[in-house]
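Residue numbers (my numbering), protein chains in the order written: chain A, 1 to 478; chain B, 1 to 312.
To be clear, the hints were calculated from the coordinates, so they are not data collected in a lab. One or more of the hints may lead you astray.
As the list claims (entries may be wrong) - Reference excerpt, derived from the structure (chain B facing chain A, CB under 10 angstroms, subset only):
no. : residue
1   : N12
2   : W16
3   : R46
4   : S50
5   : E82
6   : E94
7   : K101
Treat the numbers as computed from the prediction; the structure is a model and nothing was measured. From the three backbone atoms N, C-alpha and C, an ideal C-beta is built for every residue, glycine too.
Given next are the chains, with one letter for each unit.
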Amino acid sequence: MRRNWEGIWLVARREFQDQFRDWRIVVPMILMVSIFPFVADNTTRQAVNFMNRFGGDIILDRLIPFAILVIGFFPLSFTLLVALEAFVGEKERGTIEPLLSSPLEDSHMYLGKLLVGVATPLLFSYGSITLYLLLLMRRPVEFPSAYMMTLILLLTFAHAVLMVSAAIVISVQATTIRAANLMASFVVVPVAFLLQGETLLIFWGNEDVLFMAVLGLTILSGLLIRLGLAHFKREYLLGREIDTLNLKSMWQTFLDRVSGNASSIFEWYGSEIPATLRQLRTPLMVVTGLAIITIVASYAWVVLNVPKFIDITPNRVQQVQSYVRNNLGNLDVLDENVPAPWIFVSNVRSMVGFLFAGLISFSTLGLALFIFNMSLIGGVLGAASLINYSPLAVFGVAILPHGIFELTAVFLATAAVLKVGAVLVTPQPDKSLGEVFLLSLADWFRVFIGLVVPLLAIAAVIEVYVTPQIIKLAFPYL
Amino acid sequence: MIETYDLSKQYNKDFWAVDGVNLQVQPGQILALLGQNGAGKTTTVRMLTSLLSPTRGWARVGGYDVTKHPKDVRANVGVLTEQHGLYMRMTGEEYLEYFGKVYGLDAATRTKQSKYLLDYFGLAEAAPRRSGEYSKGMKQKLALARALIHDPSVLLLDEPTSAMDPESAQLVRNEISRLRSSRRTIIICTHNLAEAEALSDQIAIIYRGKILLNGTLEELKRAVLGPVEYEATFAYEFDAGDLDLPPGVKLADRTTTSLRFRVDAPRESNPKLLMALTAQNAPLLSFHEVPKKLEHVYLKTMADAQGVTYAS
Chain A
1 MRRNWEGIWL
11 VARREFQDQF
21 RDWRIVVPMI
31 LMVSIFPFVA
41 DNTTRQAVNF
51 MNRFGGDIIL
61 DRLIPFAILV
71 IGFFPLSFTL
81 LVALEAFVGE
91 KERGTIEPLL
101 SSPLEDSHMY
111 LGKLLVGVAT
121 PLLFSYGSIT
131 LYLLLLMRRP
141 VEFPSAYMMT
151 LILLLTFAHA
161 VLMVSAAIVI
171 SVQATTIRAA
181 NLMASFVVVP
191 VAFLLQGETL
201 LIFWGNEDVL
211 FMAVLGLTIL
221 SGLLIRLGLA
231 HFKREYLLGR
241 EIDTLNLKSM
251 WQTFLDRVSG
261 NASSIFEWYG
271 SEIPATLRQL
281 RTPLMVVTGL
291 AIITIVASYA
301 WVVLNVPKFI
311 DITPNRVQQV
321 QSYVRNNLGN
331 LDVLDENVPA
341 PWIFVSNVRS
351 MVGFLFAGLI
361 SFSTLGLALF
371 IFNMSLIGGV
381 LGAASLINYS
391 PLAVFGVAIL
401 PHGIFELTAV
411 FLATAAVLKV
421 GAVLVTPQPD
431 KSLGEVFLLS
441 LADWFRVFIG
451 LVVPLLAIAA
461 VIEVYVTPQI
471 IKLAFPYL
Chain B
1 MIETYDLSKQ
11 YNKDFWAVDG
21 VNLQVQPGQI
31 LALLGQNGAG
41 KTTTVRMLTS
51 LLSPTRGWAR
61 VGGYDVTKHP
71 KDVRANVGVL
81 TEQHGLYMRM
91 TGEEYLEYFG
101 KVYGLDAATR
111 TKQSKYLLDY
121 FGLAEAAPRR
131 SGEYSKGMKQ
141 KLALARALIH
151 DPSVLLLDEP
161 TSAMDPESAQ
171 LVRNEISRLR
181 SSRRTIIICT
191 HNLAEAEALS
201 DQIAIIYRGK
211 ILLNGTLEEL
221 KRAVLGPVEY
231 EATFAYEFDA
241 GDLDLPPGVK
251 LADRTTTSLR
261 FRVDAPRESN
271 PKLLMALTAQ
281 NAPLLSFHEV
291 PKKLEHVYLK
301 TMADAQGVTY
311 AS
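So here's chain B without its partners, still in its complex pose (with noise of 0.2 angstroms):
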């Protein structure tokens, strides 16, 4: 588990890259850190590992308190840093021996740790050559395998699937979700919002060091971009006229061939929307909801907290 409570950093005096972050992540849970670069997520993250000390508030990592146990915070998470961090002279093999051994694993659990990694994430091939020869891919995945050696409870993931092709990047998520499922507790600072869509389960996006949301996916959408939308499209051109709308629904946009409707409740206004339409005879060729996108929440936040008017 992770929690924080008004963690904060401050450089020179003057500038606080992370300003009053709470955050609680649970077992099996993954929070996407969204937010521009230089936002703060980095300086999070470091802090969740016990590289910066907060200079106020506190966190607790796995349970243990980032500034008074260190040590036992860096054994229990996995890192996945900005830069893959590979030492190009050594073979993936002699690497991922290495961090077996730097995190006091035993020769035979190493041995099976890296085995499986290498197969995997499809290096096993590659493993005996220097990691130096690597494609970028290769590489992003070396350091992946790198944070999951140990099998940490925690992982903090920093763009984990950055250079990769498809097909990798797909294998990457596929492991993450796996590791949601053996309930690790999962933060990812990415930028690629359809991974963060597609892998989260809380979202959060910070803007110069504070936490603007925080939440589900559902709560973030209804928060920014208002309640839920659902379009009725029709055969062939239709006058609805002066439909009888049931209370708590609102008519948000209209075309000859479409109605588009704002539903507080969906689950108390739509069969009753549906039986107004058919009752006007409308020629209804689909009902559904109309899709808003992380892409569209975050863009939302990042333009009211600047100021600037939001084009979807």
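The shape of chain A in the complex, shown without the other chains (with noise of 0.2 angstroms):
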């Protein structure tokens, strides 16, 4: 631990000399650094008389955390160019040959760069940060508490980790430091629309859910740390002079890796499909924990707390079931409002929404959607308990019989997605990050193609001509 530790630092510490020796770093670090507190707190003052004027104080006492979050990220925004240019920049110096060819860890040379490229903004950003709080002790306002300050802080550090991370990433795969600052956008980007979000949980003022959106964060910037020590290949640095974008190529690994060795249709339902289902085994039961779990707790959940907020009186009960029975008969022309082949197309977009949501966060927020989606399965059956239907009856009659292929269809591809994110951020011995990510989507094409959209077919056709019929049959029993 302790010799890991030295190694680290060792890189660390000639970095941080290195930039603090060059006035161009420092000179605009510092100026931004100081300038825009000074360019908050007079904004503060305004905001707080033309508030005052018109008794906007809720918005006022959230208006001082936003202000603190802003302040925070703007270094992290212009220091990024460090960690963007960790990898590369060394590489178009020529500067980073002796270092690899030193017996310092892989782990040591990236996690020393990640210090710096963490270190260096934070140490800006929470400079920036404690200068506008000094100015804003002569202003009339009140201070965040304690807890909100923290949370500040914390995102503030999350932000710093998350894109440092990523732009380390970038820094390591890019071929030029032009390429790399090009590719800045997909950290600077997202990570400003999140801020965004940041905000309107500041105006909302819920800080619990401020919190998830710390711990979210971090478990991202972990993902991306581990995502670069994967794929962090000293070969790469200096083997890729020049990277040349072969899409034929490139088409050509996916459809290999797709069609596999099977040289008819049938032989690839035969031998493909069933190994990719085995390597699918663990995520598969991943992902139907989750789901078991998540639509208990969301049944209960509703069970136990929406009578909280819904007086639920038999008089009300007996008003639901009545609707309900009275609007059977619009399940006969199901097919008039809501075609098959929407639900199809509907079901297949959600599904390819889900591994995009997954490819840019290493499934998580692939997951999370597909938490969603079986929170609302519980949630519906919560509801029905709670107008005395009996959930099991309801789950058999009015989701199970396209179910059975629907949700089948979505747990194998959110095992799928889950899978892609996992295969990312696994050490993948000569593949490049590109491979990787290639084989991992030709992978989850394979059981999208293969599984995915004929049973989402089935299950749309079942959803509009037979579960209806199921369900008006089954009314009286359930």
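Could you use the hints to bring the two separately framed chains together as a complex?
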């Protein structure tokens, strides 16, 4: 442990010295960091005057934490350059090879650079925040609570780790500083959107949700660091002088992976798909476990909490039940209002959405969408129970007939997304990050096209033409 | 010791940067690796430092397999890279101190080694200055000092004297010779053929990833340029007529004041040849081996490889 830390610190210390000896880095940083709190302070003064005139105390209370969050973010956005050029900059200057030829561990180099990348922006961010708070002491405003203040400082920290860990991944993979700078938008823009979301949370005033944001960002940062370490290869830093985009070769690699060794569609279903399913065994178990837990938890939450907000009297239950009974006839014309192709396309779109959400978040957002969907099922069953319908019967009659196919498809697609994320953060010898990405996408596509799409098509037909008939037949027994 | 067998590296599935390289360099030997730009010298060196993994074959450096024990290989190798790779905002002494720490040297050894190397390469005075202010030659010397800071058993030097003035280059050559005599294993990649000739015990010529020739300078000369030639020069015009040449000696060229002979076994044939000339009353002014330079060997080898005629 001590040796590891020494190695990391050795790399980090040199980087620190190097940065702080360059006035071209230090002076603009100090200027930006010093000027912005004054601008923010002036804005606060104007806002205080304005709000006091119109009695906007609540907004004013939330404005200060928001200003602190923005002030903390501001230095992060421009000190990101330090992290972006961590490896690719050394490569361009020709200083990387002596370092790579040394007995330093990969993790020492990677984490050393990460440490500097995180510490430098944080130093300026916290410096800027401190200056703003000092200026704020002169204003007749209330300081944020200690809890809120801690959350904002943690959020700033999480932003820094997230942005820098992404920037370091870019720096390792990019071949030139120019390319790395171009890719910086992929870091700054999403985090700027994230910041807007967090601003909403601040103005909403729900501090616990803000804490969840800190937690989510920390998990994502951890996965990004893991991804960077897993795919850090000295060879790629030296071997690729020029990156060529060979679309034909990429397409061929993708197709080869999707088709496997099969020579016909029957062989593909006979050998390749079962092999894929075997590979998905563990993710499927995780997804199934998550689904059961989520459905049970959301069912219990609805049953226990909804009565606290809505007064469920026998009379109201009667009203809802008769509404359901009177509208059963609508099920006969379900295909006119919600045609099967629409359901199918909508479900396919959702599964692709799971993939994209998963790709940008190492599966975590994909899993979050899955959990959300499963919680809806639990919620519906909980609601059914509250109006005196048997939840098991509702599940068996209204969900299971098409759900056998639809839920299977959803489970498979989610498991495939989970596997993509897991593969991305796992070291793959002799494969570049691009290759790993392409192959895991092909693995997902194989499951998607071979199983998910056909299952969703069957499910859509059953949902429109069979499930309504079963509901009508079974309704008296519900 | 450096050993390689069928060492090969493929890029982009269709380009072999290094193809089936077999080398053996013993401790106390210097191998000069010669070749055009892009011939595969740097890729070979990078595989020997465990920076690139071989696509095929194996290599052992200092007793360690480059694939299985990369960390041990790197700890035992001193590398001078194509670019000097200095951190421009670090002073010379800070730079050596930093790499001393990177190689895990204790403080006393670091100080001793840094002082010795800075003194030896004449950088002691410039040591407190940032290396960005150094001349090209000084940067090269500092980079070489970095490669030597941990006193490695194996040295891989890419153009060690490029950009240096003649005195500095001589200094570096002397240091390399000293390291050879202290039983270091050394590979030098260079375009400076005179330097390769002066320093190396073994020479390998690489072309498009393949080793075309490998051996001592004498072996290479014999293989490429044929048997050794000797020239007899005369004090005045002399007609040797039908000279009775001993076996294994052929007349290669003649002018009115000189004769050139191709000799298979000089030790046996030269005394007989001299006696034959004396018997003819040849006004012998000198008798010497015709110098054949590595440059001729190299250029002829390259010309043959490219299928063009070599005009010496």
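Structure versus earlier hints, numbers of those that do not hold, lowest first: Hint check: 2 fails alone, others pass.
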